[in-house]
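Novice: If you want the building blocks of each chain, they are given just below.
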Amino acid sequence: MSISQELVEGRLSQTTENLRTDELLLNMGPQHPSTHGVLRVVVTTDGEIVRAAKPEIGYLHRCFEKHSENVDYMGVAPYVDRLDYLASMNNSMGWAIAVERMVGIEVPRRAEFIRVIVAELQRIASHLLFFGTYGLDMGAFTAFLYAFREREKILDIFEMISGARLLYNYMWVGGVSRDMSPEAVTRIKEFIDYFEPKIDEYNTLLSFNKIFTERTKSVGIVDEATCHTYGLTGVMLRGCGVRWDLRKDLPYSIYNEVEFDVPVGSGQMGTLGDCWDRYFVRMQEMRESVRIIRQLIDRIPSGPHRGKVGKVVKVPAGESFTRTECPRGELAFYIISDGSAKPYRVRCKSPCFLNISTLNEITEGVMVADLIATIGSLDIVLGEVDR
Amino acid sequence: MTFRDYLDVLKDIVVSTAKGMAITLRTFFKVTTKGAITIQYPEVRDQIPLGSRGLLFNDVEDCISCKQCAAACPVDCIHIEADKKDTAGTPDFTKGGVRKTLDLKKFDIDISLCCYCGLCSAACPTDCLYHTKEYEYSVYERDKHIMDYLNYQR
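Just so you know, the protein sequences line up as chains H and D, in that order.
The first sequence begins at 81 in the working numbering and counts up one residue at a time.
The second sequence begins at 508 in the working numbering and counts up one residue at a time.
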C-alpha cells in the first residue's frame, strides 16, 4: 500500500504513533566555539528539539574565595581582575569600593573621575566583544571583525593608562595605581568621537538585519518572574523591561553626578525579554557609556590620584556587602574581616553564574540552533561563573 | 504564514542585508585606499607605550634586600635570601644613597608564575625592581623561566 493511499485512508497518524523515537544525549563543549569558554552543556535532544540543557561548570575553577584568605587586601586585586577577564576594571572597582567602605578611606575626586571613565570604557569594550561573538554565533563574521577593531583602540588606551592590556590591576584601594596623562585624555576624546557614529553602523549591519532578527526574536524568553526567582540582574533584568541599574538606583562613586538613561527591552521585534531585547539593551548601553564619558572627560579635577593608604591595608573587624554594576550584572563582594591584614572570608556573588543557571528553564522545547542563540545572549564569562 | 508574508520576509532579508553589505563595501574601499588596520606582527611591531608591564628586571646593585616585593607578591614568585653584612668593611650604598645593611645572596623570580600585576615594583623603595617592555621570552625548558638576577644574562 502506497503512502498516498494511506493518507487517503487516514492511517498515517497511526503509523507515526508506532514509530520508535529516542532521546539523544549530546555533549556541547567544553571545547565548542559557541559556548564562549570552557562550558559543557549536556543537551538531551529529541530530534531537533531540546528537552533539557544542563550546564556543567567548574572547568575554570581557581579557588578565588579561598585564595583571597591567604593574600592581603591589595593582593586580592589581581585575582579579582581574573574573575570576569573581559571587564577587569569593573571587577576591581567593585573590590576597591568594598574595601574602602570597610576602612573608611576617602577617594580623591580625580581618582573617582578616572575610575568612572575607565569603567565605562571597559563596559563598551565588554559589550563590543559580546556584539562580535554574538554575531559569530549567528553566522555573521563581519560584525566580529568590526567589534575587535574598536576594542583594540580601547585596549591601547588602557595599556597607556595602566600598563596592561587585559588584566590591569589599575583600581587600587584608595584610588588608582597611576595617574591619567593628558595624552590619554586626548586619546579617549578621539575614541568617543570616532566610536559614537559606529554604533549606528552596527545597528544597520547586524541589529536590524532581517536574518539576525528572525533568529533572535521570541527566542530564549526570560520574564520578570524568572529574573526574580533566579536573582538575575543587569542586562538580563533590563532586557525584560525592568528599569533597574545600580548606577542609577543605588549610585556609587560619582554616578549620581552624571546624566544617563537606563535602556530597557521593549519587545519591539518579538516578545518582551527575548534574545534580541537583551542584545539591543547592550547596544544602547554602549551609547549611554559614551554619554557618561563625554560628560566627565572635560572636567577631570586636578589633585592626587590616590588617597592616604598605608603600605598594608588594615581593615577593622566587621563585615560588609558591596555590589556594583558590571557589564554582566551586579557583582557583589561579601567580606568578613577579623582586623588583620588578610580577609577572614570573601564571598563573591557572580552575575554570570546566575545567568547560566537559568539555561535549562528558558531553553526547554526549543530547537538546537536556538539554544546557541540563547547561550550567546546570556553573555557569560566562564572565569566568573567558576571563580 | 501566507505566501505573501513569506515574500515580504524575503524582501526584508534582501534589503537589510544589502544595507549591511553597503557598509562592508565602504569599509573595504577605505582599507584599500587608506591602508589596512592590521599589522604583520613578526615583521612589523606595534609601539609599546611607556610604562607597559612586561618582563620584570631587578638591578641588584641597588637592591637593599628589604623583601617588600616578596611580601607584596600575590603569587609568591619572588624568592630572596640575604645575610647580614659584615660591618667591618666599607659601607655600601645604592645609587639613591640608601645604605645596604644586608648582603643579597639570592634574588630569583619565577617568571612562569608571575602575573604582571605590578604590585612588587610599586612596593620597591629604591625603584630597582621594575617592569621592562620585553614581552617575547619563551624558552624550551621550564627552569629557564626562573630568573636569577644576581647572575643575569640574556
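Each hint should be verified, as a subset may be incorrect.
Stated by the list, open to error - Restricting the straight-line Cα-Cα distance to at most 20 Å, the calculated cross-link-like pairs of lysine to aspartate or glutamate (EDC-like) are:
| # | chain 1 | residue 1 | chain 2 | residue 2 |
| --- | --- | --- | --- | --- |
| 1 | H | K297 | H | E128 |
| 2 | D | K537 | H | E180 |
| 3 | H | K278 | H | D329 |
| 4 | D | K640 | H | E270 |
| 5 | D | K526 | H | E294 |
| 6 | H | K269 | H | E294 |
| 7 | D | K640 | D | D519 |
| 8 | H | K134 | H | E180 |
| 9 | D | K537 | H | E399 |
| 10 | H | K290 | H | E276 |
| 11 | H | K290 | D | D634 |
| 12 | D | K537 | H | E239 |
| 13 | H | K422 | H | E180 |
| 14 | H | K297 | D | D583 |
| 15 | D | K612 | D | E643 |
| 16 | H | K388 | H | E186 |
| 17 | D | K640 | H | D236 |
| 18 | H | K297 | D | D519 |
| 19 | D | K602 | D | E550 |
| 20 | H | K290 | D | D519 |
| 21 | H | K391 | D | D634 |
| 22 | D | K541 | H | E232 |
| 23 | D | K537 | H | E103 |
| 24 | D | K537 | H | E276 |
| 25 | D | K526 | H | D280 |
| 26 | D | K591 | D | E550 |
| 27 | H | K290 | D | D590 |
| 28 | H | K391 | D | D583 |
| 29 | D | K651 | D | D583 |
| 30 | D | K640 | H | E239 |
| 31 | D | K541 | H | E270 |
| 32 | D | K526 | H | E281 |
| 33 | H | K422 | D | D583 |
| 34 | D | K537 | H | E128 |
| 35 | H | K146 | D | D519 |
As the list claims (entries may be wrong) - Beyond 10 Å from chain D on every Cβ pair, some chain H residues (computed):
| # | residue |
| --- | --- |
| 36 | T309 |
| 37 | Q348 |
| 38 | F433 |
Just so you know, the hints here were simulated from the structure itself, not pulled from any lab data.
Quick reminder that beta carbons are idealized off the backbone N, C-alpha and C, glycines included.
Novice: Of the hints stated earlier, which fail here?
Specialist: 2, 3, 4, 6, 7, 8, 9, 10, 11, 12, 14, 15, 19, 23, 26, 27, 34, 35
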